[in-house]
Amino acid sequence: NAGVTQTPKFQVLKTGQSMTLQCAQDMNHNSMYWYRQDPGMGLRLIYYSASEGTTDKGEVPNGYNVSRLNKREFSLRLESAAPSQTSVYFCASSGTYPYEQYFGPGTRLTVT
Amino acid sequence: KQEVTQIPAALSVPEGENLVLNCSFTDSAIYNLQWFRQDPGKGLTSLLLIQSSQREQTSGRLNASLDKSSGRSTLYIAASQPGDSATYLCAVRGTSGTYKYIFGTGTRLKVLA
Numbered sequence: 001n002a003g004v005t006q007t008p009k010f011q012v013l014k015t016g017q018s019m020t021l022q023c024a025q026d027m028n029h030n031s032m033y034w035y036r037q038d039p040g041m042g043l044r045l046i047y048y049s050a051s052e053g054t055t056d057k058g059e060v061p062n063g064y065n066v067s068r069l070n071k072r073e074f075s076l077r078l079e080s081a082a083p084s085q086t087s088v089y090f091c092a093s094s095g096t097y098p099y100e101q102y103f104g105p106g107t108r109l110t111v112t
Numbered sequence: 113k114q115e116v117t118q119i120p121a122a123l124s125v126p127e128g129e130n131l132v133l134n135c136s137f138t139d140s141a142i143y144n145l146q147w148f149r150q151d152p153g154k155g156l157t158s159l160l161l162i163q164s165s166q167r168e169q170t171s172g173r174l175n176a177s178l179d180k181s182s183g184r185s186t187l188y189i190a191a192s193q194p195g196d197s198a199t200y201l202c203a204v205r206g207t208s209g210t211y212k213y214i215f216g217t218g219t220r221l222k223v224l225a
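These protein sequence lines map, in sequence, to chains Z and S. Under the numbering used here, read the first sequence as residues 1 to 112, first letter to last. Under the numbering used here, read the second sequence as residues 113 to 225, first letter to last.
Read the hints as simulated data drawn from the structure, not as lab findings. Nothing here was measured: the structure is a model prediction, and the numbers come from that model. Incorrect hints may appear among the rest.
Said to hold, decoys possible - Cβ-to-Cβ under 8 angstroms is the rule here; a few derived chain Z residues that face chain S: (1) G95; (2) P98; (3) Q101; (4) G106.
From the three backbone atoms N, C-alpha and C, an ideal C-beta is built for every residue, glycine too.
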C-alpha cells in the first residue's frame, strides 16, 4: 500500500498562474483533507471532504478550490496564485472511528 | 473555538533522558487526540491516537496520556535517542459533528549524542 500520495513534490509558480495539486489514497478512507503548513502557524485546514461527493471549507479556504473526484482522489486548485500562497501543502485521509489521520509527503509551493 | 497549544516550542536534551512533551486544548469535548512526528522536509507520521474514552496509549518507548477534564495530553518518551530528534505535533478532533482536526504548532525536539 502506498498510503497517501501527492504530486508534485515541488512547484514554482509566478503570480497569477494556476495549478492543481493532486492527492490520492489507497486505504479506502471516506474523509480527505487539505492543509497548509507555514512557519509559526502550524497546520491549517484549507478544505475537507467528509465523503465522496461532499466538500466543506476549513479555516483558510480563500483562493482555493477543491474537487473530490472519487473516493480515492481529492485535488486542490489555485486559480490565480499569490505570493501569500507560498507554503507546504499536505493532503491527509482518515477512515472510520477512531478517525486516525494519515498524511502524504507534501508539496512545497513557491509563488514569486 | 478550540485552541491547541504546545509548550515549549523547542527542547534540547542529552541522549538517554526521559522527557515529556505537553499539549493543551481549550475545549474538552473531543473525539480523540493524535500525536504526530514530523522530520524536516517530510510529512507527518502518526505516533499514537487516544480516543476520548481512553486515558493512555503506549507504543514502544512512547506513552501518551489524556486528561480531558483539564484539557491536557502528554507524550512521554523514554530513554531518548538522537533518532528521536524531530518536531512533535498534537491534534484534536472535536465532537461538534464536523470532521476537523485542530493542530498545535509543535515542539521541536533535539536529542544530543
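Against the structure, the hints come out as follows:
Nearest Cβ of chain S to the Cβ of Z/G95: about 12 angstroms, over the 8 angstroms cut. The hint is violated. Because the smallest distance between the Cβ of Z/P98 and any Cβ of chain S comes to about 5 angstroms, under 8 angstroms, the interface hint for this residue holds. At its closest, the beta carbon of Z/Q101 sits 6 angstroms from a beta carbon of chain S; the interface hint therefore holds under the 8 angstroms criterion. At its closest, the beta carbon of Z/G106 sits 5 angstroms from a beta carbon of chain S; the interface hint therefore holds under the 8 angstroms criterion.
Checked against the numbered hints above, the structure breaks only hint 1 and satisfies the rest.
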